[in-house]
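From just these sequences and the hints, can you work out the full model?
Number of protein chains: 2
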Amino acid sequence: MNELSNDILSALKDIVGETGWQAPPDDLTRYTKDWRGIVPGVTSLVVKPANTDEVAAVLAHCNAHGIAVVPQGGHTGMCGAATPDAEGRQIVLSLERMRKIIEIDAAGSTMTVEAGVVLADIQQAAAEAGRLFPLSLGAQGSCQIGGNLSTNAGGVGVLRYGPARSLCLGLEVALADGRIWNGLKKLRKDNTGYDLKQLFIGAEGTLGVITRAVLKLFPPVRQSATAWVAIAGPQAALDLLNAAQVAFGERLTAFEIMPDIAIQPVLQVVPGTRHPLGRAEPWMALIELTGPTPGDDLAEALEAFFGEQLEAGLVSDGALARSEQDRADFWAIREHVAEGEQSYGGSTKHDTSVPVADIPAFIDEASKRVRAYMPEARITAFGHMGDGNIHYNVIRPEDLSFEEFYEHVPEINRIVHDCVAEFGGSMSAEHGLGQIKKAEHARYAPAHELEMQKALKALFDPNGILNPGKLF
Amino acid sequence: MNELSNDILSALKDIVGETGWQAPPDDLTRYTKDWRGIVPGVTSLVVKPANTDEVAAVLAHCNAHGIAVVPQGGHTGMCGAATPDAEGRQIVLSLERMRKIIEIDAAGSTMTVEAGVVLADIQQAAAEAGRLFPLSLGAQGSCQIGGNLSTNAGGVGVLRYGPARSLCLGLEVALADGRIWNGLKKLRKDNTGYDLKQLFIGAEGTLGVITRAVLKLFPPVRQSATAWVAIAGPQAALDLLNAAQVAFGERLTAFEIMPDIAIQPVLQVVPGTRHPLGRAEPWMALIELTGPTPGDDLAEALEAFFGEQLEAGLVSDGALARSEQDRADFWAIREHVAEGEQSYGGSTKHDTSVPVADIPAFIDEASKRVRAYMPEARITAFGHMGDGNIHYNVIRPEDLSFEEFYEHVPEINRIVHDCVAEFGGSMSAEHGLGQIKKAEHARYAPAHELEMQKALKALFDPNGILNPGKLF
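Taken in sequence, the protein lines are chains A and B. Per the numbering used here, the very first residue in the first sequence carries number 1; after that it's consecutive. Per the numbering used here, the very first residue in the second sequence carries number 1; after that it's consecutive.
Keep in mind that the hints were calculated from the coordinates and are not lab data. Note that beta-carbon positions come from the ideal geometry of N, C-alpha and C, so glycine has one too. Do not rely on the hints blindly, as some may be mistaken.
Said to hold, decoys possible - Chain B regions said to be covered by chain A (calculated; three or more residues, Cβ under 8 Å):
| id | segment |
| --- | --- |
| 1 | 62-74 |
| 2 | 101-114 |
| 3 | 152-161 |
| 4 | 185-199 |
| 5 | 223-236 |
| 6 | 325-333 |
| 7 | 364-373 |
Said to hold, decoys possible - Listed below are the simulated DSS-like cross-link pairs for lysine-lysine, each with C-alpha atoms no more than 30 Å apart in a straight line:
| id | chain 1 | residue 1 | chain 2 | residue 2 |
| --- | --- | --- | --- | --- |
| 8 | A | Lys100 | A | Lys13 |
| 9 | B | Lys216 | A | Lys349 |
| 10 | A | Lys454 | B | Lys454 |
| 11 | A | Lys33 | A | Lys100 |
| 12 | A | Lys454 | A | Lys349 |
| 13 | A | Lys33 | A | Lys349 |
| 14 | B | Lys13 | B | Lys100 |
| 15 | A | Lys368 | A | Lys33 |
| 16 | B | Lys216 | A | Lys454 |
What follows is the structure, given as C-alpha cells:
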C-alpha cells in the first residue's frame, strides 16, 4: 500500500466535504482503538461519506492510488476487523453519517436502511411499525447494521431467527474500484444466478463496502415465558433442548446454559442480582418462549413442560419468571457473565461452535485436555446451546500470576482449538476473524479453502485496498 | 469445448467402472430430454460415479481435456439446467448412484446425505427419526437433493422454512479441476471468512458439483389446520396475510392464492375434486397453520380468526378442513392448478416475484398492459402470496389458434417481465435460469451483476467445462 500524500488527503477531503472528515490533531481514538483495546491502530484521516456516491468516490480514488481503506461501523467488534493497523497509512471509512431509514414496508415486512443506522434504532423503528427486527446483541446501542451484516452478527435470537445473514433480503455495495452494485431487492425468492449478496455478508469489509440493506421484519412478540432451571450438566441440557424443541417448535427462542462458576461472580459484582434458585447449582439453563399473541398460554405450557421434566429427572429445580421484572433479572445475570468473568482476573476466551449434539462430549474432552496441561485451570463453558455455540473460557488459576498465566495462553488456545477442530467445529462461531483470529484460523481451514477465499479477494479487490490485514 | 475422442470416452468409463456408465445404443432419453421437453439434447456418454472421488476424477479428466460436463440430479428442473445441448459433445454426470444417507443426527437436528438422494427419501428418513425435513415440492418423488440445492429449490414450505439455501448447513463440492472442497460442517454458526457454500447453492452446477450436504432438520409437525376462503382480490389477500402473520407468527405455514380461472379447469379435469365452497368465487386463498403438538387449538384459533375476518370484511366465505381428507382435497386443487391450466390449450408462464406488498399493484398493472396488447387474453395469477412469488400466466384467447398465440408470446413475455422489473422483482423466483431464461435475465440484470457473475464463473471454472451454456 502507498503513502498518504497531501494531494491524496486533500482529494479525499474534497470528496466528502468539510463536515465529512476528521484528522489529527482531532482525537481519533474511537476510530483507531478496537473495542477490546488489544490491537489499537493509527490513522491520518477518517472520512465519513454522506451517501453511497461519496463512498464510491472515496474507494475509486483510493483504488487508483493504492491507498488502504478500513470500513468501519460502530467499531464494537471483538476481533479488530474495523481497526486500522499501527502503520498509519490506512484511512478509516466510517459509515456513521449514513443513518437514514429509507423505507419501512410493514405490509411486506421489510425495512430499507443505510449502512450506518444503529441496530437499536432499527429495532425501535420496526416496533413502531408493528413489526420485529430480531437481531439482538450486547452492543446494539452503538453497533451499526452495516457492521452487523459485514460480520454476520449473531446474538441471542439466532436459535429462532438465524444470524444477520438470514435477516437480509438485499444489499447495495460499493465495490473496490468505485462501481456500485445495486442488489437492493425486497424479494423473498429470486433464483437468477449466483446470490452475490451472500459474498459480502460476513466478509468483514474485504470485498466491498455495504452501503444499504433491505432487512426482513417479523410479526411482533406479544407474549413471552422465561424459566431458569437447574440441570445435571451439558448432556441433560442437550436432552432438555431436544424435548423443548419438539414441544414448542420455533416458539423456543432462547436456550442458554451456564455453569455455577460463570454466575457466582455476577452475583458478587453486579448490584441487584440474586440467584433465581436461591442456592448454587452446578449447571443451569435459561429458556425462553415467545409468541405473537397476548395471553398466558406460553407460561402455562412452559410450567407444564417443566413439571414433566422434573418427573423425568432432566431438571432438578427451576423458577418461572412471574413478571417482566423477573424476566429482566434472569437475563441480567446471563448478560453479565462476561463482566463477571473479568473479576476472576485473567482468562482466555474461545468462541467455539460444534455440532449441537456434540456439545457435552466437546466440553468433557476439552476440559480433560486443558486440566491435563494445567490442573488448577478454572473452566467456564456457557452460551448458546441451541446454536451449538459455547463460549469456552479458561480462567487463570489462583496460584498463578497474570504474567505466568499469559505465558501459557497460546498453548491453552491450541489445545482448545485442536479439540474444536477434531469435533468438526469452528473457532469463531460468531465473532469473525478480523486481525486477531486469522492466523489461528489458517491453521485449521480445510484443504483449498484459503486458496478459494484468497482468489475471491483478488477478484473483487485486485489492488488489495479493502481492509488489508483482515481475514488473511 | 473439445470433441469426445474414443480415448477420452474409454478413460471416463474406466474411472466409473463397468456399472457406472451408459452410452448409445442404450436409450438415454431420460438423461437428455428435459422435463418440459422443450430443449432436448444429445450425449455420447452418461457417467454415474459411485462416490465423491469418482466425481472428482471425472472432472479432473474432463478439465484436462476440455470436455463439457452437465451435472444432473433427478432431471426435473423447469429450465433445462441439467440437460445437455444438441451438439452431442457434452457428457452427462448423473449423481443417481450416490444415494446414501450417511448420518441422521436427531439430537443435533441434522442429516448428512449424498447428492443423489431423492427428496422424498430424505423426508421419510427424517420422519422416521422423529424430525421434519421441510423442503416440499411437486417433483419430490424423483428430484434429488443435489439438484434441489444447486437450484435453491422453493416449493410450498418457503414461507415458514425458507428455500433450500436456508436448509443447508454444509456442503462437499468437487471443483472443476478435480479438487474436493470439504465444507461438510454440521454447524449452525461459523464466521470464519467467506461462506463459500453460498456460492454453490443456486449455481445450477456451473461452479462445482455438489457431492454431499448437511441438512437442517426441524421438530415434527403434529397438528395442522387448513382453510379455504373466498376473498375480494389480491389486496384483500395481502391484508389477510398480514393479519394472519401477526396472529399466528410462524405457525402460518402456507398462504396460497388462486383466481377462479385457475381452479375451474381443475374441477373439470381432475377426478374427485369439488369446489370447497360449493360455488365459484372470483378469488380464493388456501391457508394452513402447523404446530409441533397434537391437539385442536390451531383449528380453533383459525376458526376464531376467520370469524373476525368475516366481520371485518376481508373474507366473504370459507371452509375449514374437518378431516385429513378435507385437507388433502383442498391441497389437491392447489397442486393441480398447472395441470388444469393445460386444458385451456396454450399459455405462457411467468415465475415472478415482487415485494410482497406490491403483489396487488403488480397484478393490476401487468394485466392492464397485457390486455392493452391482447384484449381477449385470459390471465391467471396464483401461487405463494406469502413469498411474493406469483405464477403470472397468460392463456391463449379462445379465438386464436395455437400458432397465432405463440407468435405473440415473446411480446407478452417482454410486457410481463418489463413490469416485473419496474416493481423491482425477479423473472425467476424459484425455477432458476438454466438454458431457457438466461437471455431474458441478461436483459434485466443490474449494472455490473453479469460481469461479477461471469468473473466468478471464470475463477471457479477457468476452462468452462461445468455446465456450459447455462446461466449465461
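Hint-by-hint comparison with the structure:
no., hint, in the structure
1, 62-74, "violated (count 0)"
2, 101-114, "holds (count 6)"
3, 152-161, "holds (count 3)"
4, 185-199, "holds (count 14)"
5, 223-236, "violated (count 0)"
6, 325-333, "violated (count 0)"
7, 364-373, "violated (count 0)"
8, A/Lys100 / A/Lys13, "holds (22 Å)"
9, B/Lys216 / A/Lys349, "holds (28 Å)"
10, A/Lys454 / B/Lys454, "holds (18 Å)"
11, A/Lys33 / A/Lys100, "holds (26 Å)"
12, A/Lys454 / A/Lys349, "holds (27 Å)"
13, A/Lys33 / A/Lys349, "holds (20 Å)"
14, B/Lys13 / B/Lys100, "holds (22 Å)"
15, A/Lys368 / A/Lys33, "violated (37 Å)"
16, B/Lys216 / A/Lys454, "holds (29 Å)"
Of the numbered hints given earlier, the model fails hints 1, 5, 6, 7, 15; all others are met.
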